[in-house]
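Visitor: Put together the whole structure using the sequences plus the hints.
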Amino acid sequence: MNSVRLRRVGMALLAPAIAIVVSVLVTTIVIAAVGSSPGDFWSAMFSDPSPRLRVNIINQTAMIYTAAVAAAIGFRMGLFNIGIEGQYLMASFAAASFAGAAYLGGFLNVAVSIIIAVAVGAAWAGIAGILRTTRGVSEVISTIMLNAIAVTLVGYLVDRHGVHEGNSVHTKTIKSGSMVKGFTPYEPRDGQVWALSILAVLVGVGFWVLLNKTRFGFDLRASGQSQSAALASGVNPKRMIVIAMMLSGGVAGLVWLPALFGDAGSYGTSYQSQLGFLGIAVALLGRNRPLGMLFGAVLFAFLSAQSNTLTFGTDVSPSIVQITQGVAVLAVVVAYEVVRRWRTRLERRVVADEVPAATEATA
Amino acid sequence: MSTSTTTKNASPGLVQRLTKNWFYLTLVGIAVVSLVRIVTDTNDLDSAGTLRAAIISTCPILMAALGGLWAERAGVVNIGLEGQMILGTWGAAFFTYHYGPWVGILGAALLGMIGGLLHAVATVTFGVDHIVSGVAINLIGAGAATYLAEAVFSDYEGGGPRQLIGLDPPTIITKTPVISEAALDLADKHWFFVSDVASVVAALTTNISTLTFIIFGLVVASAWILWRTSFGLRLRSCGENPQAAETLGVNVYLYKYIAVLVSGALAGIGGGFLALVSSSGYGAGQTGGRGYIGLAAMIFGNWRPGGLLMGALTFGYTDSLRLRDTDAVHALLLLVALALLLIAALRAVRGQINGAIVMGVAGALVLAWFLLTDSVPREFTVMTPYVTTLFVLALGAQRLRMPAADGQQYRKGSAG
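Chains A and B supply the protein sequences, listed in that same order. Take 1 as the starting number for the first sequence in the working numbering and just add one per residue. Take 364 as the starting number for the second sequence in the working numbering and just add one per residue.
Take the hints with a grain of salt, since some may be wrong.
Below 20 angstroms or equal to it, Euclidean Cα-Cα: the simulated SDA-like pairs (lysine to any residue) are [to be verified]:
| hint | chain 1 | residue 1 | chain 2 | residue 2 |
| --- | --- | --- | --- | --- |
| 1 | A | K238 | A | G136 |
| 2 | B | K775 | A | S307 |
| 3 | A | K175 | A | T269 |
| 4 | A | K238 | B | L758 |
| 5 | A | K175 | A | D263 |
| 6 | B | K775 | A | R343 |
| 7 | A | K238 | B | A757 |
| 8 | A | K213 | A | Q225 |
| 9 | B | K775 | A | R341 |
| 10 | B | K775 | A | R348 |
| 11 | B | K538 | B | G412 |
| 12 | A | K172 | A | A101 |
| 13 | A | K213 | A | V201 |
| 14 | B | K775 | A | E337 |
| 15 | A | K172 | A | I115 |
| 16 | B | K775 | A | T344 |
| 17 | B | K775 | A | W342 |
| 18 | B | K552 | B | V564 |
| 19 | A | K172 | A | T269 |
| 20 | B | K775 | B | I542 |
| 21 | B | K775 | B | T488 |
| 22 | B | K775 | A | D263 |
| 23 | B | K775 | B | L480 |
| 24 | B | K775 | A | V339 |
| 25 | B | K775 | B | N614 |
| 26 | B | K552 | B | I542 |
| 27 | B | K775 | A | V338 |
| 28 | A | K172 | A | I116 |
These are calculated hints, taken from the structure and not from any lab test.
Guide: Structure follows, in structure tokens:
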């Protein structure tokens, strides 16, 4: 019994291991192919990160992890929320606008802004959910369209209502009383770990509780694994789709808030895009499991942050880690599939070995 | 072989009916555009210059859409078009720099095909979810192009980490003797109907890249291959019912591989067009989501070549307008309003009352928007393709029909 469980754990870890090996190999080959030194690259990547980078890694991990949870909520029920990118863009803009307008003071302003971000993210994702349930529109296509619409819409709104400063434009800067800075683990010049990164922890724990300890989580997983079985056990699939989509969008709304209240102070040039796609990648890498995604988020944040050191000392440009990240995702999904097929074959063989007598008897 | 004879008997009638239909539709379309142009006094609405820009904007979208068609007709959803297109822009720049523009286009196709190969290996051989693989390919495509540009183009003449400019474009037809000038003269007269046709002729004969004709040729060729050859029938059968195809002896994996490779190559050529014709070289982030717009154009066109051509032209036209006169954009509102009201009338005649009401109300709203405002923010034209697609999907999802086994995993031997 023990050996079976051990083997199962081994197999679960096998796929990520294969993926890491493949992405390391591909990265090395690409670097060597353009005539740079892979050795320099890897030694720079695995050097001890400076305090400044460590702070950066923690902050990035929190944002990527939140995006990953948002993606995972959809994935677990068989929905592809490609639209996290657009959802957190709309939400970040809405929250920044509201907080910047300073209708409320201090932490109340922050709290209401967070609620607004969640509501806007959920609403933007809800459009895709409702289109899916009422009109049968694939959420993949509609969220891609909504992403593009969000980019232009926010661009238009910022341009129209924002504060113009030279060539750049941003929303009204949040008053310092409503900023939530964070704590300084090293020297002040090394930056701060943003306080709202705690949202990522809450989201992660909440996700685990929701999935494993609640009726809703059970329904969600059931719908993801078999629509017909879920329907038979009394789950309303349409309602589930809309709720899951909005939940996913709501969590997506939180993605950029740590940076907004911790450092940026407004929506503008400091806005960080692409976190949504990184989140999807990390969700795939971590198999939509809370801990797996944490591992993936740390890995991605580490790669992104650490790649900034490449400009000193090597001639490899930091964008190489984008290849590493992309290959890791593709490799991990392929590896999971290969391991799954292998395991099915193995199980079949075990069953075939155990039951020949029984088959003969019935025949 | 009774089936072949029936097809022979039926096909001339069908073709005749279609061409007749299309022919009249085009005539009515030109008349409406001409009317709007004269009523709003915006000759830029369909001047030769506007149309030329529209054609240039259309081509990359068209290639992406055609790439999507090939893959999806064989049952593979290709969200990775964007990534394959980005790879194409890099490939076009690299090969053009070394070997000239025509090899550059082949290089773009090759790079796109590599992206397609990745997608095919993941989805066909390993049965990975198509969307997941596509998302990963978009990440890899964008990362690879950025990295390779920084690593390779920085040392080139006219190059930098984020661009490579000053590349030779493929042959351009600057002027067709007699026709160009006559058409331009006629277009400048601003007569009803005649000048609009002349604008089209002028745009197609003056300052146009030969690659444009090749691209339109590829659409016709694809339509013929997919719908008029036995190869195409087998390929489409893989997208409709792979199990049935397999029982008839079709090598489903092979056909899916071919389809996805062609799909990647076409998207790559679209990227090549962006790098060599739309601008004079590679630039980071050049594709700007056109792979996704291509996907939208394909869905808009109901997974059919004629439809996706219409979709690509519509989106290409709106895409080009954002660079032009804002008056033209405003005049476009009247055009959209008239088109919606026409569709509403058509539906009312056919007895589809609900559809007629929705379209009629939409048309009236757009008409009101046109009458009550003087200009349209540029951003709204950028949004047009996406909003249109959402509306088309929401209103017409029941009438759209994608290949029956599109996006489903298929394993060899599952036919039993």
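Visitor: Next, verify each hint and record whether it holds.
Guide: Going through the hints against the structure:
Simply put, K238 (chain A) and G136 (chain A) have alpha-carbon atoms about 11 angstroms apart, close enough for the 20 angstroms limit, and the pair holds. For the given pair, K775 (chain B) sits about 42 angstroms from S307 (chain A) by alpha-carbon distance, which is inconsistent with the 20 angstroms threshold. Between the alpha carbons of K175 (chain A) and T269 (chain A) the distance comes to roughly 18 angstroms, so the proposed pair stays at or under 20 angstroms and holds. For the hint linking K238 (chain A) to L758 (chain B), the alpha-carbon distance of about 19 angstroms falls within 20 angstroms, and the restraint holds.
Taking the CA atoms of K175 (chain A) and D263 (chain A), the gap is about 12 angstroms. The hint holds against a cut of 20 angstroms. Simply put, K775 (chain B) and R343 (chain A) have alpha-carbon atoms about 18 angstroms apart, close enough for the 20 angstroms limit, and the pair holds. Simply put, K238 (chain A) and A757 (chain B) have alpha-carbon atoms about 16 angstroms apart, close enough for the 20 angstroms limit, and the pair holds. Among the hinted pairs, K213 (chain A) with Q225 (chain A) is consistent with the structure: their alpha-carbon atoms are about 18 angstroms apart, no more than 20 angstroms.
A hinted pair counts as satisfied when its Cα atoms are at most 20 angstroms apart, and K775 (chain B) with R341 (chain A) qualifies at roughly 13 angstroms. Taking the CA atoms of K775 (chain B) and R348 (chain A), the gap is near 18 angstroms; set against the 20 angstroms cutoff, the hint holds. As the CA atoms of K538 (chain B) and G412 (chain B) are separated by approximately 14 angstroms, the hinted pair is consistent with the 20 angstroms bound. The straight-line distance between the Cα atoms of K172 (chain A) and A101 (chain A) is roughly 7 angstroms, inside the 20 angstroms bound, and the hint therefore holds.
Distance check on the hinted pair: K213 (chain A) and V201 (chain A) sit about 17 angstroms apart at the alpha-carbon level, within 20 angstroms; holds. Proximity of K775 (chain B) to E337 (chain A) is assessed by CA-CA distance (about 15 angstroms); at most 20 angstroms being required, the pair is judged to hold. Distance check on the hinted pair: K172 (chain A) and I115 (chain A) sit about 19 angstroms apart at the alpha-carbon level, within 20 angstroms; holds. Straight-line distance between C-alpha atoms of K775 (chain B) and T344 (chain A) comes to about 16 angstroms, which keeps the hinted pair within the 20 angstroms bound.
Between the alpha carbons of K775 (chain B) and W342 (chain A) the distance comes to roughly 16 angstroms, so the proposed pair stays at or under 20 angstroms and holds. For the proposed pair K552 (chain B) and V564 (chain B), the alpha carbon gap of about 14 angstroms is at most 20 angstroms, so the pair holds. For the hint linking K172 (chain A) to T269 (chain A), the alpha-carbon distance of about 13 angstroms falls within 20 angstroms, and the restraint holds. Of the supplied pair hints, the one linking K775 (chain B) and I542 (chain B) is violated, its CA atoms being roughly 56 angstroms apart against a limit of 20 angstroms.
Simply put, K775 (chain B) and T488 (chain B) have alpha-carbon atoms about 9 angstroms apart, close enough for the 20 angstroms limit, and the pair holds. Taking the CA atoms of K775 (chain B) and D263 (chain A), the gap is about 54 angstroms. The hint is violated against a cut of 20 angstroms. For a cut-off of 20 angstroms, the pair hint linking K775 (chain B) to L480 (chain B) stands: about 19 angstroms separates their Cα positions. With a C-alpha separation of about 18 angstroms, the suggested pairing of K775 (chain B) with V339 (chain A) holds against the 20 angstroms cut-off.
With a C-alpha separation of about 9 angstroms, the suggested pair K775 (chain B) and N614 (chain B) falls inside the 20 angstroms cut-off, and the hint holds. The straight-line distance between the Cα atoms of K552 (chain B) and I542 (chain B) is roughly 16 angstroms, inside the 20 angstroms bound, and the hint therefore holds. Of the pairs offered as hints, the one joining K775 (chain B) and V338 (chain A) holds, with about 15 angstroms between alpha carbons and a cut-off of 20 angstroms not exceeded. A threshold of 20 angstroms between alpha carbons decides the hint, and for K172 (chain A) with I116 (chain A) the separation of about 17 angstroms falls inside it, so the pair holds.
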